[in-house]
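Visitor: Can you make the complete structure from the sequences, with help from the hints?
Chain order of the listed sequences is A and B.
Start counting the first sequence at 1; every next residue gets the next number (my numbering).
Start counting the second sequence at 1; every next residue gets the next number (my numbering).
Warning: the hint list may mix true and false statements.
[Said to hold, decoys possible] Non-contacting residues of chain A with respect to chain B, defined by C-beta distances greater than 10 Å in every case (computed):
id	residue
1	Ser-48
2	Gly-65
3	Ala-68
4	Val-69
5	Gln-70
6	Val-138
7	Leu-144
8	Trp-157
9	Leu-158
10	Thr-184
11	Leu-196
12	Arg-217
13	Ala-242
[To be verified] On the chain A side, residues computed to face chain B include the following (Cβ under 7 Å):
id	residue
14	Leu-106
15	Asp-108
16	Arg-109
17	Pro-114
18	Val-154
Hints in this document: simulated from the structure, not taken from any laboratory.
Source: prediction; values computed, not measured.
Just so you know, even glycine gets a beta-carbon here, dropped at the ideal spot from N, CA and C.
Okay, here's what each chain looks like letter by letter:
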Amino acid sequence: MITSDIRPVEIVKPQARPRIYWTLMDALVLAKRNLLQIPRIPDELIFSTIQPIMFVLLFRYVFGGAIAVQGTSYVNYLMAGIFAQTVIFGATSTGIGLANDLQRGLVDRFRSLPMAKSAVLTGRTISDLARNTFVVIVMWTVGLLVGFRPEGTVIAWLAAGGILLLTSFAFSWISAMIGISARTVEAAQSAGFIWLFPLTFASSVFVPTQSMPAWLRVFADHQPVSLIANAVRGLLLNQPDASTILQAIAWCVGILVVFVPLAVWQYGRRTAR
Amino acid sequence: MGNKPAILAEGLEKQYGKTRALAGLDLSAEEGSVLAVLGPNGAGKTTAVRILTTLLRPDAGRAEVAGFDVVRDADALRARIGLAGQYAAVDENLTGYENLEMFGRLYHLSGATARRRANELLERFDLTDASRRVVKTYSGGMRRRLDLAASLIIAPPVLFLDEPTTGLDIRARLAMWEVISGLTASGTTVLLTTQYLEEADQLAHQIAVVDMGRVIARGTSDELKARVGGERIELTVARGGSLDAAVEALRSYSSGNIQVNSANRHLIVPVTQGAQILTSIVRDLDAAQVPLDDLALRRPTLDDVFLALTGRTATSGELSADEETPAARPVARSSAR
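Guide: Quick look at the structure:
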C-alpha cells in the first residue's frame, strides 16, 4: 500500500555553503554517478580497453617489423603513441554520455534542481578522467607483457602520466562540445570519432614522421597529438625534451581555454528550449 | 486554502520558429490546491510547465511560483519546486536508492539527510524491495513512482507533474492517482497536465482547458461538465422494440432531454450517477419488453469538452495501441494545431 503523505519525518533542509563549494560538490556527485554506471554497462569499458590492445598487437606484431625507428625498439616507440591515442579515443565517451543524458530527459531534471549548471559537464569530464586513468594502467601492463621497457626515472614516468591525464581532460571537453551539439547519440558517436583518425594516424603516434611527404610532415610535426605523443615518449625513454613538453601542455591548456566556455555556452543554448 | 496564488502566470508567450507554442497563457492556482491543465498534444501544456519550472524563458509575459519570479529568481525557485514528467527522468543504470540519494545531494542536502530521505521515500512509495535493483529492471509504474519520489525529496511547496500517467496501464494509473490525491493532504500545491478529462476530474480542484497556447475555459470539473453535458446512457433499441416504450421507461432516470434518433433507433439519455442506475435501467427496459442491441454509459471526454468549447474535436494524437485510455477515446482525428 502506498502512503502518500510525503512530509519528511525530520526537517529536510539544504545546507548553506558558498557557491564555489557547490560547483565542485555537484560535479563530484555526478562524477560518482557516472562511475557507478561503469561496472553496470561493462561492455563499454571492455571495448574501450580492447580497442587499444588490438592496436598494440597489430602494430607490435604485424606492422612493427616493417617500421624502422632510431635509438630504441619499436615497441618502446609505439607504447607512448598508444597511451596518447588511448586517452584521446577514450575521451570520446564524454560526448556520448552527455548525448545520452540529453536524450533521456535526465538533463531536464538536473536543470530543475538548485545545482550548479556546469556540474553536468564537469562531472562527466571528471569521471572520464578517472576511467581513462584506469585504461592507461591496463595499457601499461599490456605494454610490459609485449616487451615495453620504459627507461629513466619513475618521476619522469609520472610526469608522462600527468601529461596524459591533462590530454584526456582537454579532449573530453572537445568531445563534450560535440556530444551537446549532436542531435542523436549515434551522431555524437560518429562525429566524436571521425576527426580523430586523421589526427592520430597523420602523427608520430605509430610511425616516425620522417618518412611522410613534406607537406604532410609539416602538419604531422605540429599537431597536438604528435606533440603529446613525443612529449610522453621522451619522458618514458629518458630523452625528455622541454620544448616538446611545453608545446604539448600549451595545446591542452589552449583546448581547455577554448572548449570549456564553448561547451558550457552550448549546453545552456541546447537545453534552454 | 490561502488566498495567495502559489502559481500565477500572466500572458505567457513562447514561439518556436513558426510555431506559436504559447499565445498569452494565464494560469493561477491557490496554495494547497490541485490545478489540472487539460489539453490535447501540442496545446502548449509542456511548454507552460517548462517555463514555470525555470527550464525555459518565456518570450513575453510573467510568472510567479511560490512568490518567486520564474526568470529573475530562478535559482531560489529551484530549491522550492519539484518536477516529475511523462518521461521518467531517473537514471536507468543506478538503483532506486542511488537515484534518490544523488538527487538529494543535488538539492544540497547533507549526505546523512539525503540517505535518510531516500529510504523514507522508497518506503512511502512501496519501492523498498526494489531499492537495490537498477531502475532498468523496473516496470513503467515503478519508474513513475520513483520519478515522483525524486520530485518530492525536499517536500516542495509546489509540485509540477507533466502528464504523470501517460503511457501507464490502468492499474498503474489508478495507483498514481491515489498517490497524487494524497499529496494535497500535505498542503502541496500541484499543477498537473493531462489529456484525460477523467484524470482532471478525479484529482483537480480547478481545471484550465488549453488549446493552441491559451486557456479556452476554466472552472471546476462540475462547471466544465455542465457546459459539456455530463454522463449519458446511449442505447440502441432492437428492431421490433418500441422506441416510445423505451423513452417512457427512461424518463424518470433522465436529467434532461432524451434525444431520439428514430432512423437508427438510437437514444441518448443524459443522467447523473450513471453507474448506479445502470442495472435498474436494464431491469425496467426488460420489464417494458424493450429489446436492446446496444447499451453504454458514456462519460464526457476531452473530445466532448473540445467539441462543446471549440466546435471541433481534439485529437488524442500519439496514443499508441498499447496505451490504455480509460476516458479519452478519440472520436475523430484532426490536427491539434
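Visitor: Would you mind marking each hint as holding or not holding in the structure?
Guide: Against the structure, the hints:
1. Ser-48: It holds; Ser-48 of chain A is separated from chain B by about 16 Å at its closest Cβ, greater than 10 Å.
2. Gly-65: For Gly-65 of chain A, whose nearest Cβ neighbour in chain B is about 43 Å away, the distance exceeds 10 Å, so it holds.
3. Ala-68: Holds, because the least Cβ-Cβ distance between Ala-68 of chain A and chain B comes to about 47 Å, which exceeds 10 Å.
4. Val-69: Consistent with the label, Val-69 of chain A stays out of reach of chain B, its closest Cβ about 43 Å off (over 10 Å).
5. Gln-70: Holds, since 48 Å exceeds 10 Å.
6. Val-138: holds, 22 Å
7. Leu-144: The claim holds: Leu-144 of chain A sits with its nearest Cβ about 33 Å from chain B, beyond 10 Å.
8. Trp-157: Fine: 35 Å to the nearest Cβ keeps Trp-157 of chain A off the interface.
9. Leu-158: Correct as stated: the minimum Cβ-Cβ distance to chain B is 32 Å, above 10 Å.
10. Thr-184: Thr-184 of chain A is indeed farther than 10 Å from all Cβ atoms of chain B, at 16 Å.
11. Leu-196: Non-interface label on Leu-196 of chain A holds, nearest chain B Cβ at 26 Å vs cutoff 10 Å.
12. Arg-217: holds, 45 Å
13. Ala-242: Holds, since 43 Å exceeds 10 Å.
14. Leu-106: Hint on Leu-106 of chain A: holds, closest Cβ of chain B at ~5 Å, below 7 Å.
15. Asp-108: Holds: closest Cβ of chain B sits about 6 Å from Asp-108 of chain A, inside 7 Å.
16. Arg-109: holds, 4 Å
17. Pro-114: holds, 4 Å
18. Val-154: Not OK, violated: Val-154 of chain A not within 7 Å of chain B, min 36 Å.
Hint check: a violation occurs at hint 18 only; the rest are consistent with the structure.
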